[in-house]
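Visitor: The lines below spell out each chain.
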Amino acid sequence: MTHQSHTSRSESELLALFEFSQVVNSSLDLSLILDTLLLTLMGKLLATKAIILLRHERKTFCVVNGKGVPKNFLKQKIDLSKISKQTVRVDREFSEALSAHGINRLFPIVSQEKVIGYFGAAEHSRRPIGTAERKFTETLISIAATAIEKGFSFGEIKTINRSLDEKIQQLKTLFELAKEFGGILEQDKLLKLFSLTLMGQVGTSRYAICLKEGKSIYSKISGAYLETDKVSIFDLVNSPLLSSAIPRKKKYDLLREHLAKEKIVALVPLQMQNEVKGVLCLGERLRGGIYSESDLEFIFSLSNLAFVSLENSRLFSEEIEKKKLESELLIAREIQQGLLPRTLPEINRFEISGVNISSKQVGGDYYDVIPADDGTFIIAIGDVSGKGTPASLLMANVQATVHALVPFHLPLPVATARINDLIYRNTGSDKFITFFWGVLDPGTRRFQYVNAGHNHPFVLRKDGTIERLAEGGLILGIMKTIMPYQEGSIALQSGDSVIMFTDGVSEAMDVNGVDYTEERLEEFVKRQNGKSAEAVLTEIKDEIQRHTFGAPQSDDITMVVFKAL
Amino acid sequence: MSDFKVTIRSRDNNIQVLELKGYLDAHTIPALEDSFQKMLNEKKYRLIVNCKELSYISSAGLGVFMAFIEDVRANDGDIKMSDMSPKVFNIFDLLGFPMLYDIVKLEEEAANKFELKK
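First to last, the sequence lines map onto chains F and X. In terms of our numbering, the first sequence opens at residue 5 and continues consecutively. In terms of our numbering, the second sequence opens at residue 21 and continues consecutively.
It is possible that some hints are incorrect.
[Claimed, not checked] Take a look, some chain F residues computed to stay more than 10 Å from chain X by CB distance:
#, residue
1, T91
2, Q173
3, L202
4, L290
[Unchecked claim] If the Cβ cut is set under 8 Å, some of the chain X residues that face chain F in the computed set are:
#, residue
5, S75
6, S78
7, A80
8, A87
9, V92
10, N95
11, D96
12, V108
13, L114
14, I123
15, L126
Treat the hints as calculated values from the structure; they're not laboratory data. Note that beta-carbon positions come from the ideal geometry of N, C-alpha and C, so glycine has one too.
Use the sequences and the hints to build the structure in full.
Guide: This is the structure:
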């Protein structure tokens, strides 16, 4: 080799190094850097096969680029028996895989004292790599090493950035929904927004929200099975999981089969205060791929956000319902109180006393004492079926009818039949009234009465014996009057009392739901002998309150007591 | 109330273009839903969504596309998207939409894709 050609060769090598350095250092694209390195060296070494290995794990390297080698060799992981910072000759002992592909020389790629990879080439037996070529190759690789490291980190940063972007997007979605959900109280709107977000973010249009209590929601999924086997699904799902991860236990066999049929691939629990109240079942993603752990975590947060809002909206509408009900009851109570006599008339040589304690729901109890123009008094008590406004309105009708009939002085059975027919014609057959009324003549001291299915009033005689007033007929309002009502009549002596009451008294329940019963009432009434009408009333009231102590009042309590002096 | 508007215009070959303008979020979603529903009612299934003036899209907004795509494709149609700003494309990209939808640079390309199909 002449001196001149040696110089020009050095110059051309320098130029190549310079060019190479410019290309690889101006790019952050790892594959471009590796391509340039590979091709430059193959040209220099006249190698027909060359590869680049980058470190995967400790002693494992991955074939990331290669020319002249079969495609399936790329991406293969290669275990190296020892890591060397020196150029090494590869034999079968060093690496079976490499030497099988004809790679017999490895040049380490060293960055910051660490071997980050290798350049491997097939050295031609007829054209061995000389010292100068080896030196040049090593120089080139050392220039490339920094660029590779840089490109590598850049690629990693790009991946990290993307996953960060994904997280930011998820957070944005959560944030947006938290804001929206907070403002929406209609359940339909909430569900719509939730399902659209789920579809957009997760990429599925098939899902079910299976609720432990209440109506479940199904989108493009048949919930027939889930409805019948809530036990196993709620037993199973405590944290997000893939259908494929359901334990292969016999008790989950049917569930697994059904999920497969409906193509449900993931299950996410819906929690309220750490209690699973529902399960979100997700279909396959339309864009393919399975749900990753971070997907499921996100869906978990999203669903629980939505679920809490759904619960809030449910509670809110319940609250509204309750308010509505309360104001309705208030109306019912006003109607009822308006119908009851404010003061009772004075009756010559008689005491009379009445009481009505309405329950929370407002029953349809009624009592009345009406003076007629012939000096007699109509005394009535009744209990309308049902509660609330409908009951109190019906009661208002009865009261109006009774008042309208008084001036006609019809015989009681006839008047009772009239009231029955009127109510029967004007109300549904589910509405009826137990009713007792009578005419008290203070002059003759006779009490004539008709009992239309009402609790038999007590007559407490002066001697402490008890009689019951049972004559009459059917409850009012269930059928047309066919059998005429029977009239009963008693004569009252001084010291006799009549005690009329509704079933709110006899059926008053204690904390254990046990009725007071008419038998006990009768026994108690017997012991009130000799007391004034007012006192008898108060004693019974107190007795009932002792019985029901601690329990809510289940029905209206109404009583009328009158006593011959 | 955020501002959002859908303008519908026709192209040759029975293609409808939905031009989206503004901010597509929970409040404005109904406008897009209504437009897609209108297309389905009129049996128009070759749809291009031009996103040139779309400044933001929320996940629920993306959900609208998911909600209609199956029906549209079941009728041999498609929803293609074009003219997205990099910011908007990034959202579509992050949620994997390029795997499910044709998202192209220009409306013209999208229109050509429909014709190729025929």
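Visitor: Now tell me, hint by hint, if it's right for this structure.
Guide: Hint by hint, here is what the structure shows:
No Cβ of chain X comes within 10 Å of the Cβ of F/T91; the nearest lies about 43 Å off, and the non-interface call holds. With a cut of 10 Å on Cβ distances, F/Q173 falls inside the contact zone with chain X, its closest approach being about 5 Å. In this structure F/L202 is not separated from chain X by more than 10 Å, as the shortest Cβ-Cβ distance comes to only about 7 Å. Listed as outside the interface, F/L290 is inconsistent with that label: its C-beta sits roughly 6 Å from the nearest C-beta of chain X, within the 10 Å cut-off.
Because the closest C-beta pair between X/S75 and chain F is about 15 Å apart, greater than 8 Å, the hint is violated. This hint holds: X/S78 has a C-beta 6 Å from the nearest C-beta of chain F, less than the 8 Å allowed. For X/A80, the shortest C-beta to C-beta distance to chain F is roughly 4 Å, which falls under 8 Å, so the interface hint holds. A hinted interface residue such as X/A87 counts as satisfied when its beta carbon comes closer than 8 Å to some beta carbon of chain F; here the least separation is about 6 Å, so the hint holds.
The interface hint given for X/V92 is broken, as the beta carbon of that residue sits about 12 Å from the closest beta carbon of chain F, more than 8 Å. Because the smallest distance between the Cβ of X/N95 and any Cβ of chain F comes to about 16 Å, over 8 Å, the interface hint for this residue is violated. The restraint placing X/D96 at the interface with chain F is violated, with a minimum CB-CB distance near 18 Å, outside the 8 Å limit. Given the 8 Å rule on beta carbons, the hint for X/V108 is violated: about 12 Å separates it from the nearest Cβ of chain F.
Satisfaction of the interface hint for X/L114 is found here, the shortest Cβ-Cβ separation to chain F being roughly 5 Å, below the 8 Å cut-off. Look at X/I123: its Cβ only gets to about 13 Å from chain F, farther than 8 Å, so that hint breaks. About 24 Å separates the beta-carbon of X/L126 from the nearest beta-carbon of chain F, more than 8 Å, and the hint is not met.
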